[in-house]
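Number of protein chains: 2
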Amino acid sequence: MEIDPMMIVFAIGIFSIIVAVYFARDVLRRDKGSKDMQKIAKAIQEGSNAFLKRQYKTIAILTVVFAALISGVYLFVGKPETAFNTGVSFIFGAFCSALAGIIGMTIAVRANLRTAATVSKSPGEAVKVAMRGGAVSGLIIVAMSLLGVALIYYGLGADPQQTPFMIVGYGFGASFVALFAQLGGGIYTKAADVGADLVGKVEKGIPEDDPRNPAVVADLVGDNVGDCAGRGADLFESTAAENIGAMILGVALFPYFGVNGILFPLVARAFGLIASIAGIFMVRPKDTDDPMKALNRGYYVAFGLSAAFFYFVTMWMLNNVWFFYAGLTGMVMSLVFIYITQYYTEHKYRPVKMIVESSVTGPATNIITGFAVALECTALPIITIAASLILSFTFGVLSGVPNGGLYGTAIATMGMLATCAYVLSMDTFGPIADNAGGIVEMSKAPEEVRKKMDRLDAVGNTTKALTKGYAIGSAALAAFLLFSAYMGDISMLTGKPFTVVNIANVTVFSGAALGAMLIFLFSSLAINAVGKTAQKIIEEVRRQFQDKRLMAGKIDPDYAKCVDITTKGALRNMVLPGIVAIAFPVAVGAILKYEAMAAFLMVGTIAGILMALVMNNGGGAWDNAKKYIELGNKGGKGSDAHKAAVVGDTVGDPFKDTAGPSLHVLIKLLATITLVLAPLFI
Amino acid sequence: MEIDPMMIVFAIGIFSIIVAVYFARDVLRRDKGSKDMQKIAKAIQEGSNAFLKRQYKTIAILTVVFAALISGVYLFVGKPETAFNTGVSFIFGAFCSALAGIIGMTIAVRANLRTAATVSKSPGEAVKVAMRGGAVSGLIIVAMSLLGVALIYYGLGADPQQTPFMIVGYGFGASFVALFAQLGGGIYTKAADVGADLVGKVEKGIPEDDPRNPAVVADLVGDNVGDCAGRGADLFESTAAENIGAMILGVALFPYFGVNGILFPLVARAFGLIASIAGIFMVRPKDTDDPMKALNRGYYVAFGLSAAFFYFVTMWMLNNVWFFYAGLTGMVMSLVFIYITQYYTEHKYRPVKMIVESSVTGPATNIITGFAVALECTALPIITIAASLILSFTFGVLSGVPNGGLYGTAIATMGMLATCAYVLSMDTFGPIADNAGGIVEMSKAPEEVRKKMDRLDAVGNTTKALTKGYAIGSAALAAFLLFSAYMGDISMLTGKPFTVVNIANVTVFSGAALGAMLIFLFSSLAINAVGKTAQKIIEEVRRQFQDKRLMAGKIDPDYAKCVDITTKGALRNMVLPGIVAIAFPVAVGAILKYEAMAAFLMVGTIAGILMALVMNNGGGAWDNAKKYIELGNKGGKGSDAHKAAVVGDTVGDPFKDTAGPSLHVLIKLLATITLVLAPLFI
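Protein chains in written order, with the numbering used here: chain B, 40 to 721; chain D, 40 to 721.
There are no misleading hints in this set.
Same chains, same names: a pair is fine if it fits in one copy or spans any two.
Straight-line C-alpha distance at most 30 angstroms; calculated BS3-like pairs for lysine-lysine:
| hint | residue 1 | residue 2 |
| --- | --- | --- |
| 1 | K673 | K571 |
| 2 | K81 | K587 |
| 3 | K392 | K607 |
| 4 | K575 | K387 |
| 5 | K666 | K575 |
| 6 | K575 | K673 |
| 7 | K676 | K243 |
| 8 | K676 | K571 |
| 9 | K575 | K392 |
| 10 | K387 | K571 |
| 11 | K673 | K587 |
| 12 | K392 | K682 |
| 13 | K587 | K571 |
| 14 | K673 | K491 |
| 15 | K392 | K666 |
| 16 | K81 | K607 |
| 17 | K490 | K78 |
Derived by calculation from the structure, the hints in this document are not laboratory data.
With these hints in hand, go ahead and build the complete structure from the sequences.
Now the structure itself:
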């Protein structure tokens, strides 16, 4: 066959962007609903834009400073060419990541209004609108990360054995932006949520999304900047880092596969995009269909097609069926992760039921049980990860290719991320539906419309929880791939093979302990940042409620003031955890050197996966325990059990929407930072 | 010098037991107070004895079963002699550990009454009684672990190069008993506490230790079986395991030091006992003295003397000053750990102040802030551990002795544990003072006596928190020593040097991830066990309160029934976490083999230290935030802030008194289990 694989990558990448544009136009041409709805949607849009603008300004400054630092390191070790290449690819990665986030959110904050306007006429059509709005994010993010890596690969010379090492800066740029986007967005969304709830629901006794609450618009903005822009940046960097890491591993197989081993990750990803697009087109439920079923159907189509394409690409480029099995292992793992997440966060199963039961005896037992559930939920995912790694490694060894084992784990990661664009679309569906719910509620739509909307909103919550499970699973697999890339990088720099990280060595063990500790410290800082920002919002909301006319509905609250305070607070408070996440590993690596740094990275990753599972699933379980009680169980809304469950839900908020997702990014950031700054650790 | 070091060990060991007997007689001859007091004390004694009797019956059965299993493993690999030796030393270790616990507690449940009776006449004298009561535990435990190791060493042949490997069963026997003693006691004490508080304080609004509360005696029994017997078993196995591990490392230095390198750990420990005894005799405060200052003075005396003795023993037996510096590193680390614990758990410092502030906005913010503090508090201890390990290793290397680095870390552990007997005495002071407080309260003593008692009780709480910091620090250092012993053991078994644990290998990495996961799972099971047991007590207390005469004070509650239910519940619910803690590592080791098992052990230890710090310090901070509010701050007792702080305190209870201390034991159990079952992992 005489087809250049890179041409396929470019073709599919551009095609995916065209599809995204088609979806965007399809969403935008739809009914925008009543004047009331439009007014609220406009406030959300303005708030989101204002936040993004300021956030990316801060991030841009940090990016330039950091680019200078990285280039300085390489100049310092006497590699001016690498200094230039890495600096440029860092900035390019950061730029692409930011751009993908901005485009995705621009559509999401318009799709919410269209979804709200459509739901009263046709709930099935509304699902389609929300899904296609999400697909704009999903496709743009995956396509841009793919095209970005391909472009920079060509831009830096396309030497199959050298260029992959030069483009690591691209992955780090993406991680860098993702860290701050997720932290800032995560702090924003939960500070606004906690602030709105504590004064509105608890002190004033008004319902969620009540238009009299001054923080309600900030809360809706938060859904976009946290869940949508944040997770978008997270998965942008996942796919970028994984592409680059796999290409570096491909270099080791160059004698065997030639350039095919290096380009395989990009081609596999490209076909995953096609499979995802097919899946998205399948989501067109009837008005009477269960929306979750429609989304699942699309997912299974994407999954099945991905598997088929994967087989085709593997046989074509690598001509070895064992690597297909390795990819399949990753795909199956992603399914298992989703099922485990369901088990731990849905009210039909034992864990959430236990939390519901314990809410009856008050908030203390609710928290104790929720925490026990959160700790327990780490067991099955870790066993799944261990089994997948060992299995895909074994398949790689069975392939008979020298060094095939590690490449097997890399291919498992590609398998897991094959349906990434679909999952990401489903994920962005969440905040769009959530926002649409808020718009319906605030525009005082009739009860019957609200009920239809609630159903969609609930599906959005489920998809958000599931994709968090998917994101952490992919972070875990990608991390192992990136360790290997780091070790390859060090081998190249020192000229000696670096294949052993001996944790029985005192310094290496210390590095490992410090890596795990960073995870705990970072989580603490992220949670505290929410608390600090929420405090400011609480004060402002209380201040506004001092005017009695507000509660009586005679004047409008000053939404913009709350949005402004949240924006400033989130941006100020994202800096400390962000700096610690970057400076601490650099300091440890510079002092304890590269072998200890490898242990830092690996054990930090293990701790990060565990902690992220605790945060995500614990938060999700608390949330759903509360929702289950609100359905009328154990006394329903207003009962003591409900009050206890609200405490649990509030505790879980910064866990699942700030600390947890930020940890996903941190895990990959640690990997890319060590890749880029490796010369410092020698 | 022609003195046989072992003679010194036996002489000091026996001398320490004589001193313990002297203290016991000194405590027992004192005033037993009023009839009312004696009646309550008798109920506590009976409850404690009943629990211990049943608990040790269960443990005895498990011990015999496990001894058979271990011997079976060795028979299976064709080593009948080792099968016999290991089985015997396992049972002997288990027996000594149990015996030490029983003796210590027998005195503690009598010292409480004497302390309560003395406090009205002379608070200074009461401090002395409680400290000497605690010293019986402290001295017996350390002396018995020392004599036990020395005896079994002689009993199995005293071959300096062979015997140390045979006595590993002793350490595992001690760990085995410690795990169940700490788990059972920890579940007992917190289930009773939560049960008594949730119905008594929250539902009925009666004060703590009110004699009308049916669960109040169970609560007081819990202080003894959890804090006293549990921690006693914990530190018994710490010292035993550390002695054995250091002796095994000494084998590697045999060509250089001869038998001195192997016996040094025992001699150093013996002199630590003398230093501790001197410190205990120094605790004789005047009635106007601050009791905490008196305890600190004694500690500094023990610390200073230990350091001097350590210098003397090092120069005599090893004749190398660098090893003294290594020992000093461990001593200083123990001090640093105590200061860090104070910072995170006392109300004068930022962390507890933050929790107090956040209690004003309700239980959710109290929990969020407390959790953030708990996560943060891991940072300084881990940096301290890393620095101590690297420093003591460096001193070992500087000694010029071949393989001296690892021996340096072993000696740091000995330094840290030098004052162990004193710290343990101070620790047992806690439950004795706590119990005395309960006896004073329940016997309706005059207000003035209660105030004097409260002061003593508060000091007891502080010492309990500090010794938990000490226990986790020593577990961390001892663990590294035990890794090395495990690797030495494997080298001996395979006949190939095993010096590299390559965590970059997929299987080894998986082992590491599974080790960290076990910590999370085990914590979950321990916390859940408390919840399940507490539920039974809550039901019983509510049932008894249905008789209105109880609340009116017209009839006595049925204390024995609550004690009985708690006993049964704690024993039933300790089995699952205990079995998981033992079976899971064995299964992983048997499947993934010895190198992965080493990573399991090491990364499990790191995760264990982090989680134990979170649990201990988080719980301690919540507790003290509540106490600070109860002093009249933020509205004092009964305010909303107080209610929120009570929720935090209740959440912290199973963290700091069940899961945290059980994790200390688990860390060392993992090490001793791998040592003993090493043949299974090859």
